[in-house]
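Using the hints provided, position chains W and U relative to the given structure of chain G.
Protein chains in written order, with the working numbering: chain G, 59 to 518; chain W, 391 to 681; chain U, 2 to 349.
Hints were generated in silico from the structure; no laboratory data involved. Source: prediction; values computed, not measured. All clues stand as given, with none of them false.
Here are some chain G residues the structure puts well away from chain W; computed CB gaps all over 10 Å:
hint, residue
1, 150
2, 189
3, 262
Here are some chain W residues the structure puts well away from chain G; computed CB gaps all over 12 Å:
hint, residue
4, 451
5, 452
6, 458
7, 513
8, 518
9, 528
10, 531
11, 598
12, 599
13, 637
14, 643
15, 644
To give an idea of the interface, some chain W residues facing chain G are shown, with a C-beta separation under 8 Å as derived from the structure:
hint, residue
16, 542
17, 543
18, 561
19, 564
20, 672
By construction, the Cβ of each residue, glycine as well, lies at the ideal position given by its N, Cα and C atoms.
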Amino acid sequence: MQALDGVDLELVRGEIHALVGENGAGKSTLAAIAYGAVRADTGDVEADGVVGLVHQHFKLIERLRVWENVLLNREPRRGWTIDVAAARDRVRALAARYGLAVDPDAVVETLPVGVKQRVELLRELDRAPSVLLLDEPTAALAPSEIASFFTTIGELARAGTAVLVVTHKLAEVVAYSQRVTVMRGGRIVARHATAETNAPDIAREMVGGDVPALARRARTEPAPLLEVRGLSARSRVSALDDATFDVRAGEIVGIAGVEGNGQSALADALAGVVPFDGEVRFDGAPLAPNDTPGQRIARGIRVIPQDRRHEALVLDWTVRDNVALGRQRSLPPRAYAEAAREVIARFDVRPPNPDTIAGALSGGNQQKIVVGRTLASAPKLVVAYQPTRGIDVGAAALVQSRLIEARNAGAGVLLISFELDEIFACADRVLVIAGGRFVGAFDRASVDRGRIGALMAGDA
Amino acid sequence: MSGAALALAALLGLTLVKATPLIYAALGGVLSERSGVVNIGLEAILIAGAFTSVAVSGATGNPIAGTLAGIVAGMLVAAVLAFVATRLAVDQIVAGTGLNIAALAGAAFGLQLIYHQPGASREVPALGTPGENVLIVVAFLAAAALHVVLTRTPWGLRVRACGEDPSAAESAGIDALATRFWAVVTGGAIASLGGVYLALAELDLYSDGMTAGRGFIALAAVIFGRWTPFGATGAALCFGFLAALQFSLQRAGVPSELLQALPYLAALVALAGFAGRVRAPAADGMPYIRG
Amino acid sequence: MSAALRVRTLRELLVVIVVVFGVGSIAMLLAHVSPVDGFAQLVDGAFGTPEEVGETLVQAAFLLFPALGIAVAFRAGLFNIGAEGQLVLGGFAAGWIGAQLPLPAYVAVPMVLLAGAVAGGIWGAIPGFLKARFGANEVIATLMLNYVATLLCTYLVTGPLQQGGATAAETGALPKAAHLPDLIGLLADPQPTLAYLLTPFALAVILAFVLRRVLLHTVFGYELRAAGDAPEAAKRAGIDLGRTALVAMAISGAIAGLGGATIVAGELHRFNTGLSAGYGFIAIAVAIVGNLDPLWIVVASIAFGMLQSGGIAMQAEAHVPKEVIALVTGLVIIALAGRRAVANRRTT
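Looking at chain G on its own, in the form it has when it is part of the complex (with noise of 0.2 Å):
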């Protein structure tokens, strides 16, 4: 399948032109070319001055200090040593200018995510650009830092550069640019002026169509399943503390946030993957802080991981022997054929044939296998993190309503998503974290989006 397909793109100075449309449908490709990382296959590319591009995952290096990743490859010299100084200096007149708050000696893996993005915007600025090119660039942000970020940009373009904002956050895209361009499978679909068009217009042109309906959600009884007091916990990249909160068997509750706030820390604890602080009580016994997965495993507690290609799938096994991973214990090898079989069925799978190796598969048919496999040992808990990520909306939809099924089957389901409108079509009930804490509750009835948007960006 062709990532790009004969793809016409003009962008103007003054102007932040926004480019949308689904995970998968080019528009990232699109930007890493206009960038010039990647070389198209035929056409060209034309930039009058320099382009730069912040990409959706920093391009920073962690272990470096600010000004070493702003000034990388450009430091400033005095004979043969870098002028360490100067670079500071400069540094720091950038941030002034553009109103982008940095400390140029703090070391970049110690800053919060938004001040990363500052890092990664300052170091494309530094470079002059006549094209900024900004792919997802409110992913991380919360609300209120929504705003502020688009104000500098919005001075940037009025300055004269040519913006281009990468994104498939349409209220962003109405609110803020000029101009907006739609690609669908690789193909520009659409183009507006953005005052001639509106959210719902842009959204069937993204999709094609109509989005798939979602399962029909069964009246439940729910029963206390997993009870959570006080839950403390590290992982690599995240902390949670202090953490309070029931799901009960047959409900769905989603856990809303900006990535980065928690969620990594909530899911690797209740995996067993580190320990935690506190005290949980699931299906009615503790749960001992320091369990192995396996023994989280055997308790009937499942996670679904946040990256499927590192901490779920075996890349260069076939899909078979993945379908067992979690279960090779408790199925006997000679069954494992049998198991791959009805996870496809049930999960529509594409290509049908248990023997292709998972590498091959589209991220949305990987992502099918490991939610597949995971509902298929009917575990009690389901902490589904992240489950469409990067997938087409076909598959999402499909992994959304298995896990509405599993929901009114009676299994309890955790769902952790940066994807708002994910979680307002799954969860029962909505809670809120923020900077490692919970800091509101809504059930379906009293959901407010804009009081949850205010709690993500950490205003109480």
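This is chains W and U only, laid out in the frame that chain G set:
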């Protein structure tokens, strides 16, 4: 001076002698690993440096020529690893192991060809005495120089960037593959001096297996020293001290094999005691493949 | 095999052939020997007479054991470069115990082999434990233990556990009962020199089949491979990575130690410190050429066994130093270091 003070001085002097090859190898290892390439082949570089310096010193009668030849040989051997690790993105440890086997055999082959006697060469013109030797001083100077280069020069920053995140480095316009290549080769030049010292200063000949795993002990020193030039030098000095102890302890009746095993056991203990708590450069050992 | 895989394998084969014949020829020319002569002697030395074929298979066997051990560790994601030390220690244990105990053959032989496996297993378990408990780099750990193993054996065999006299770095002779039995002698009117030499190879091939079954068709093998191929996913699937590392290294060492015992019981009939011609290192090449698959490793071991036995003849007849073989072996390892099965491991 009292007898005890004399003995202590002798011990410290011997420590320097024993540590010097380790310091050179460890510094070469630091540079290589900071750029992101695990250099298991340090042993091969030591062998290359030792053998070539002896062969050329013997042939020309000039130990300086031998030294230069040793450095070139070390760089060539390092270049092989650098090439397969960067351009071909192979497993660096497997390649390094193959290099060690090839170098040891190659040197033994060379011994047969040149000297027609297996096992050892004859004695050749030396580069000074083991003790007050310029190469010992140069080792410490090299440590200081490497520290300055890594922390204060543009090239050093580029090297560190490649060792942490080559993809991010490339997006800043750095050629990660070339930077790694030259870091490994330069590291090879430094490490080869360890072999030169061992052959031309300490023993005045080349014998089969004379490097005896120093290249690997040097790697333990790199880890123990947290991948910094001064740390690795300090660790190398510790291992050198243990090797120097052999002579004192032998007179006390401790079995010689146990003494000879001390440096290896020490490296093991260092690995076990310090491993989990230190962090290697983030991209250390991971081949970088463009696009 | 898919088409892409076939092309890649063909290309690798080509590289290996170029390396072996190219470098080999250059080395022979340096030794003032025509490559034609040199290679002819090599092949002739390997397959010329039935005795020489037997010798080739013996060398193959001595390589096959450590190679299988290395492959097991490799599949678990661990680089065991300590097969040499594990092999030597296994040989020592076998030689020492065998010489001590006068027992009938059907007890002595298994006992001797078991001693070798246990000793090798312990020597492999040490770096396995250090890795599991402390995360210690097993590459350096196994390497260090190679040196320690040789020193330990030398010390023991000339000191506290000496049997052959303080100056001889070897144990006493194994009683006939502890010798590996004649396979062919049992079946037919034998060539006595050839007969017992086949037993090590036969044992090793059986072991290869067993290992293949364990790796591919048991839960233990599944978990071991998962730990090697995708450690993070394996951990989250409930696989204990530390325990897997420890067990894999212990098995790896045990197999190598068994190899050492086979050398002692099968050929030398005593232990001496020179029992290994670097088998533990060449076995790394055998494991890689065999793509970490036990059955292909059998084939690779025959190829390298041919190089070993042919190399001795090549040195004697054509006056090419046999170090050429080890040199070419090292280069083959470098050439194949990019193989998918090999380069897939996560490095520490």
